[in-house]
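Peer 1: As a plain string of letters, each chain reads:
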Amino acid sequence: MIGTVVKISLLRLWNTKSELALIFIVPVLFFSIFAWIFSRGVGRKPGQIRVSIICDDMKQPGKLLAQSLSEREELRTVTGIGSTAEGWPIGRLSKTVISQHGAEVVVYIPPTFTEHTRNGGKPEVQILHEGTNPISAQIVEAALAQTMITQQVDLLAAITNPQLDQTDSGSRQDFRQSSVQFASGTIAAAGSVQPATASSGLPNGQPLPTFQFEKENIFASNKHNPKIAMYAAGIAVMFLLFSASGAGASLLEEKEAGTLDRLLSSHLTLTDLLIGKWLYMAGLGFVQITTMFVWGQLVFDVDLWGHLPGYFAMAGATTCASASFALLLATLCRSRQELNGVALVLVLGMSALGGSMIPRYIMSESMQQMGRFTFNGWAIDGFKKIFWYDLPLSAIQTEICVLLFITVLFGTLANMLIRRWSLN
Amino acid sequence: MNTATLQYEDVILKVSDARLAYGRTRALNGINLEMFAGEILGLLGPNGAGKTSLIRCLSGRQKFDSGTTQCSIAGDYHEHIGIVPQEIALYQDLTVNQNLAVFGRLHNITGRQLRELRRQTLHWAGLEDKARVLVRKLSGGMQRRLNIACSILHEPRILFLDEPTVGVDPQSRERIYHMLETLLDIGTAILLTTHHLEEAEDRCDRIAIIDQGKILDTGTLEELMERSIGTEQQLRIQFSQPVLSVPRPLFLTEDRHEAVCGIENASRDLPVVLQKVQAARLPMENMSLHSPTLQHMFLHLTGKELRE
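These protein sequences, in sequence, are chains A and B.
With this note's numbering, letter number 207 in the first sequence gets 207, and the count goes up by one each step, no holes.
With this note's numbering, letter number 216 in the second sequence gets 1216, and the count goes up by one each step, no holes.
Please keep in mind that the hints were generated in silico from the structure rather than gathered at the bench.
Keep in mind it's a predicted model, so treat the numbers as computed, not measured.
Treat the hints loosely; a few may be bogus.
Computed list of lysine-lysine pairs in DSSO-like fashion (alpha-carbon distance at most 30 Å, straight line) [unchecked claim]:
(1) K1137/B <-> K1014/B
(2) K1214/B <-> K277/A
(3) K255/A <-> K277/A
(4) K122/A <-> K59/A
(5) K122/A <-> K215/A
(6) K95/A <-> K59/A
(7) K255/A <-> K1214/B
(8) K1063/B <-> K255/A
(9) K95/A <-> K215/A
(10) K255/A <-> K1137/B
(11) K17/A <-> K7/A
(12) K277/A <-> K1137/B
(13) K215/A <-> K59/A
(14) K1276/B <-> K255/A
(15) K1214/B <-> K1063/B
(16) K1014/B <-> K255/A
(17) K277/A <-> K1063/B
(18) K1276/B <-> K1214/B
(19) K17/A <-> K215/A
(20) K95/A <-> K122/A
The calculated label-pair distances, taken between Cβ atoms and stated as ranges, are [stated by the list, open to error]:
(21) T412/A <-> N1032/B: 36 to 42 Å
(22) T269/A <-> R1132/B: 47 to 53 Å
(23) G1030/B <-> T269/A: 51 to 57 Å
Derived list of chain B stretches under chain A, where covered just means 3 residues or more per stretch with a C-beta under 8 Å from a C-beta of chain A [as the list claims (entries may be wrong)]:
(24) 1051–1060
(25) 1071–1085
(26) 1175–1187
Backbone N, C-alpha and C fix where the C-beta goes; we use that ideal spot for every residue, glycine too.
Make a model of the complete structure from these sequences and hints.
Peer 2: Here it is, written out as structure tokens:
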């Protein structure tokens, strides 16, 4: 008897091929996605921190530090080595390269770097970061410290020989011998690199410089609880997709229950039906996501009121795209059961890759690029620009255009696919 | 209902040479059909005969590949038709009132007119006291009645009913047919598909037999009988013991316990046959007279049982 019960269950599973596939595909798929993420990437290429190096020190030590830093494996310079200009102070420049050129961290070598070094002052290097990725600034800081240690001979040569300021690289080798003591420098606490001995290799006997790193989150300084806005965006998009898929199931329910026949015997056309469902899903999604952000504002100090225009633009475009996505899924599937399975795989997959579940900055470069094929990725990028970078509406044009393109494309495909329903 | 009464002989819908194919499968293969005002036309056919395809096309859900449909009522065709699907095609999580309202609005009925028609329809379906009840909380019979009510709220002149009494107890079935009769009184033409032969015999004014996408014959039950197996009744006489021979027009069956013959006019022919049996001193035990049934006629025309 018990065997018969087991057999019935097995037969039912075997006859429902989509369910059978899901049982095995979903765990394997998600294991693979998370394995790729935490092993930092498809293709085994290690993830790199995207940096922009701004060097205002025109003397050799500053240039050498910038050059050495740009050659490090764990960093990828996205804008080359630049400098500030009139009207572009470091604060503004940093915000621009981070928000518009994809840099995560800006390393700023000020014009006084060499001068302070030679005068026995504390040469200061600024690490300006965007703050969403809490480990990027620390990696850059460690890279800076390591650079100073590994490049100590050349640096010391440049510091002690002002004549080299006028040349390109100079006769660094000549100074190697006298500056080996610099190798004893260690990374001290509070982000500074300090020599371990008082005896320096500098010709005039002055003490070795202590390099000072100043870290600054240039976007979050005036925000109450900035990270919550990013979590809210990620979670909101994922649940928007889930609820839209659920609402899309009502389309299949109409078909299965026979109300579709009744609806279509009136003036209503299949296109009207799709538009009606789309409006409902987009409207519901907008209210849902807004409720979440209002709650975030009231309880977690998410600054919604300060970003209303950008919020409305992004929330509108995201909900429109999610509604079209749900319609496409519903018209692709033959039954609600099939829709539930497909939606589960797609929504969780897109959310994992797009950054709703796990921040994209911990993914490898290639996986971060894959995230751009999900509309979670585009939506989260847009919300990030609005809430994190405080950018104007014009800065999210690309995200809005992509999401609206998805809206139109998926909506059109759904309208084509639903014609099949006339045949069965 | 405010629909003007039409005459029985008014052709309200005419379908000519309608064809429909799904790939290589011909679902409808030259359908010709007429519906009259104030009649129930029963559409009988085995499964896969094309009944649902025909109703879908007539209700606007699908288009014929070729052929014509002429509606004699002026105006928008969709305004004149109502469809009652075989499923309970209602929103289970809406109340009775809300269901009526949404389907009314789909036919552009709003405001005071909607309220009035909703009131009339609830009364018609006997669901006045259930107006605020969720559909899923109604009994099966009530849901069936509401299923029909939602289709007639906009006062259609033509109603397509696909198996409206499936799974309904005899009492509810009677109630549903009573509701339909009131529609007939105001001239609504009803196309009804059913698997209940007795329903078709009792309730339909005319019957159309459909098989393999074709209408094999259409007419009243008597007309169909006459054109197929005839109207002759069958006399069966059973004997208490086997007999060797029987007088004409009787025929002895193989086991010699029974004799049968056709009777055209029972009042005229039956006494004659019985006298012959008595004269032959045959041990008659039982006797029965059978009229030809729709089942026989259906079997004769399609070669299939209705439920095949």
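Peer 1: So, for every hint listed, does it hold in this structure?
Peer 2: Results for each hint:
| no. | hint | result |
| --- | --- | --- |
| 1 | K1137/B <-> K1014/B | 40 Å, violated |
| 2 | K1214/B <-> K277/A | 38 Å, violated |
| 3 | K255/A <-> K277/A | 13 Å, holds |
| 4 | K122/A <-> K59/A | 16 Å, holds |
| 5 | K122/A <-> K215/A | 15 Å, holds |
| 6 | K95/A <-> K59/A | 25 Å, holds |
| 7 | K255/A <-> K1214/B | 27 Å, holds |
| 8 | K1063/B <-> K255/A | 18 Å, holds |
| 9 | K95/A <-> K215/A | 14 Å, holds |
| 10 | K255/A <-> K1137/B | 22 Å, holds |
| 11 | K17/A <-> K7/A | 16 Å, holds |
| 12 | K277/A <-> K1137/B | 26 Å, holds |
| 13 | K215/A <-> K59/A | 23 Å, holds |
| 14 | K1276/B <-> K255/A | 65 Å, violated |
| 15 | K1214/B <-> K1063/B | 17 Å, holds |
| 16 | K1014/B <-> K255/A | 28 Å, holds |
| 17 | K277/A <-> K1063/B | 24 Å, holds |
| 18 | K1276/B <-> K1214/B | 46 Å, violated |
| 19 | K17/A <-> K215/A | 56 Å, violated |
| 20 | K95/A <-> K122/A | 26 Å, holds |
| 21 | T412/A <-> N1032/B: 36 to 42 Å | 40 Å, holds |
| 22 | T269/A <-> R1132/B: 47 to 53 Å | 32 Å, violated |
| 23 | G1030/B <-> T269/A: 51 to 57 Å | 28 Å, violated |
| 24 | 1051–1060 | holds (count 3) |
| 25 | 1071–1085 | holds (count 6) |
| 26 | 1175–1187 | violated (count 0) |
In the structure shown, a violation is registered for the earlier hints numbered 1, 2, 14, 18, 19, 22, 23 and 26, in ascending order.
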